[in-house]
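Peer 1: Given next are the chains, with one letter for each unit.
There are 2 protein chains.
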Amino acid sequence: MLNELIEACLGYRECDLVVEGSFFNPYTQKTEDGKIGIYKDKFAGFSNDLIGKTLEIEGILIPGLIDAHVHIESSMLIPREFARVVLPRGTSTVVCDPHEIANVLGKEGINFMIDDSKASPLNFFFLAPACVPSSNLETSGAKIDSKDIQELLELEEVIGLGEVMSFPAVIDREPKILDKIRISKEKIIDGHCPGLKGKELNAYISTGIISDHECSDEEEALEKLKKGIYLMVREGSASKNLHDLIEVIKEVRGRRCILVSDDRDPIDLRREGHVDHLIRRAIEEGIDPELAIILVTLNPSEYLGLKIFFPGTKADFVIVDSLDDFNVMFNIVNGEIISEKGILRINIPEYKGIYKNTINLVEVSPKDFLLTTDKENTRVKVIEIVEGQIFTRKRIFLMKGNELSSDIERDILKIAVVERHRNSGRISKGFVHGFNLKEGAIASSISHDSHNIVAVGVEDTSVARAVNEIIRIGGGISCVYGDKIISLPLPIGGLMSHRPVEEVSNNLETLNETIKEMGCDLKNPIMTLSFLALPVIPELKITDYGLIDDFQIVGLEEPDE
Amino acid sequence: MLNELIEACLGYRECDLVVEGSFFNPYTQKTEDGKIGIYKDKFAGFSNDLIGKTLEIEGILIPGLIDAHVHIESSMLIPREFARVVLPRGTSTVVCDPHEIANVLGKEGINFMIDDSKASPLNFFFLAPACVPSSNLETSGAKIDSKDIQELLELEEVIGLGEVMSFPAVIDREPKILDKIRISKEKIIDGHCPGLKGKELNAYISTGIISDHECSDEEEALEKLKKGIYLMVREGSASKNLHDLIEVIKEVRGRRCILVSDDRDPIDLRREGHVDHLIRRAIEEGIDPELAIILVTLNPSEYLGLKIFFPGTKADFVIVDSLDDFNVMFNIVNGEIISEKGILRINIPEYKGIYKNTINLVEVSPKDFLLTTDKENTRVKVIEIVEGQIFTRKRIFLMKGNELSSDIERDILKIAVVERHRNSGRISKGFVHGFNLKEGAIASSISHDSHNIVAVGVEDTSVARAVNEIIRIGGGISCVYGDKIISLPLPIGGLMSHRPVEEVSNNLETLNETIKEMGCDLKNPIMTLSFLALPVIPELKITDYGLIDDFQIVGLEEPDE
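Chains as they are written, first to last, in my numbering: chain A, 19 to 579; chain B, 19 to 579.
Because the hints were derived from the structure by calculation, they are not lab data.
Check the hints yourself; a few may be wrong.
Pairs involving identical chains hold if they fit within one copy or between any two copies, as the list cannot separate such chains.
What the hints assert, rightly or not - Result set (DSSO-like, lysine-lysine): computed pairs, CA atoms no more than 30 Å apart in a straight line:
no. : residue 1 : residue 2
1   : Lys205    : Lys165
2   : Lys244    : Lys359
3   : Lys205    : Lys58
4   : Lys332    : Lys205
5   : Lys194    : Lys244
Could you put the whole structure together from the sequences, leaning on the hints where they help?
Peer 2: Printed below as a string of structure tokens:
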């Protein structure tokens, strides 16, 4: 192969494809004209001496787009279906941390993701999930211990340790997490440390963690960059940080900055795109297209230790109409034309495998969601949603009477987490502010990171019906509105569908429209709901053990001041 | 250790040293004030909460300096003595390709270098020499084959394959070199391809070669950068490319540009310095000090995949008086204060080992250097020296008479290469233009890359005496001037001395002064001489097999036009 590649470079051997036109060079950040050769899956150089079938292009050729931090599960699609959506968008490489499925199915789930990824030509890299479960404040379906990490790191597809979310555990020098870090020290170790700064941040970084994608303000981002962290600027479906961090990117001219999607739902993927959307967003925010491209090509390649876009590297290119408009015309991955004008030119086989029902739970009833108190006046902790963010605020509301129910006037709704892995019967209850439902309930078996069933609703009867619908469909999302029950089945781990994105996103849109009719004006209520049970994110969250504040289980009732 | 480091970061445990003052952050390219902690050999972060013995500094703290491409042997010092000179200059890390000693002693020589490097705290990385011998156009003392490369790559100290000089062999797909490249494909593969461009350059790069330090003009440098190559801009004792490439560095704002010394003689090391000199030179050429520092810290760290200058990385720092003047006040390597104001604060033991005489040669006589012809008029090829470069030009001179002797009027001097590894008796002869000696001779067993004895002189008797002096001292450099014979013994491989730099450089200065008295006005005649036998560099060179032009052995006589 090396001999043949050299011959192709020299023009002694036909390339499989020669592309002629303008291309953007990430190393000089300039656009120039010429020919680019592809021999098998490799790039055979820029040269006018290349021979072979020539494709003259309009538009501009750029390196293949990389998403250096994404949880595929958030697309509600299995890897091959995710690939089917993002390939026509110009993505060539994704780095996945399959910690959602790992929370449900452990190593079995991770192996499913790796196996399924092979059905598509998208370049998938995996990270071994570091924090499964994300904390001991919730019940997950599985655990990933040090031994599992070691086994996973031996797989060719696994290039490092996934986001170390339990930063308090690192700072507290808990042996379990330090062990996982030690095992991974020769590889990439992804970070996750929202709001961490000063000496605690130093301590966290000192273990070898090298990235963070949780910055939400400039000061935080600059401090992390200064301390050697690769700044992953996230613009996902739930959390959007690009606008707030754009000035930092400009200040350091993008050095060691990377745009990532982290979590992207199927509607956004289908409507807006994937990494191509990140580029368009960065341009909208005032970054030159040339620099925007660097943020999702050269920079992540350096982070990953991948060589890109020169002779001998994998022939991963995208042809866009123009750098300013950035519409993807062709995507070429591993030397193969994968898509043209948004249409796949290859066949990705449908998933025909079996899957097991992971909803291990018997039917619930309205009384399971009842909340009572002896007092006449109760100060209750309420989770306040911050639109567009996965962190929340803690609010205190005074509630009257012995039964604590939803109060639609003040937008205080009941929220519950139903343990669904072990049929323990554990159901926690609390309140949330920000959903603004006027009736009905929503439930979901997507509920980061343990993926118990999280439900929010006005009447306990609706909450129970929504949860029971999740049981019936073997996992997914449900919505109860008057007499109507509508749902999106996600039978793989209760997280993903094996159906095409069109079906999944249409279903999801119907759910969203219904939720809107129910009064909710959040942009993405289902994703918002799904993050309310993630105890590693501040301030107030809820798991099957109850309300969580600052890594502690706290009572619903707030003591008097 | 990880626990302790975290505790030190958090201020729960005393650091071994806390440095307080201004520091330059390579990630933001800005200078700020604060405290930096050192715990054991690691950096414990920037924080005012650090506790421990505090050193308040004047000046500015910057990351330790890295020379990403250097042949230690060119310093004529063994590694520990090289370290003794460069440590007070702020160097913390060097990447060495020990291909000089490998040409003489093979793996035994490389192992000597690795072992000796351990006597000093300087961080040494090694590359396995790719081209020993550099070609089949010369006789070396040893060979390094694929099996040797494989064995060397298994050593912890060996991080990749050294400069692949035989670029024609790569382009010609010679199995031996492609094998070495294949074996190294997961590691760093250093390049060396002066003047290579277009499709041949593509072919060369397509094998996985990732750097080049041989660019001499802007066009060449830009083409290489564009094609993904790390541009190592060399400013050594023999070759100086910084001035010619400075605009390229400015154009790409230094991205993927690295300053390297490649070859640095003991006088320059002692007088001008090492990487600190590269920085001062870059500043002289109009680059901001901040960017200059990046070129020898962050950029080579990214090239090497080393993490630097943040919590948990090796505590390698330099304190300089100011970024503009760039005088090194302190060098801290692996957390230890190594030097203060140019004075070493640690003990590096003297070398007490044994070494073998590698000059395997019986005495020569003047008649061995005689050149005769049948013709009255002979057009001879003459090597023309280009001052400050290691490449040469090919010139044709007409010589009269049956004996072809040096002609001091036209500065045509006899040059000879005497094979010295196998006592083969092979002696090649030719002419060189540019030395301008008016009498006497110079000889050296440093003669890249095979390190036979190369000699230049006016009278054959002087040439023979100079060569015999090399035999007497067991390798080194000699000079015959009238009745005087002066020499610098380099008993280790005929390349290096185990004596301190002061003695070696004084000796060398005496030789240089004498050579100047003999009429030569080259800046560095001995180093220039030592590169005239390197056949992989264009245009005309001489090895023990004869004159070499474009990788071919050619006759002395140039056919009539």
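Peer 1: Tell me the hint numbers this structure goes against, listed in increasing order.
Peer 2: none
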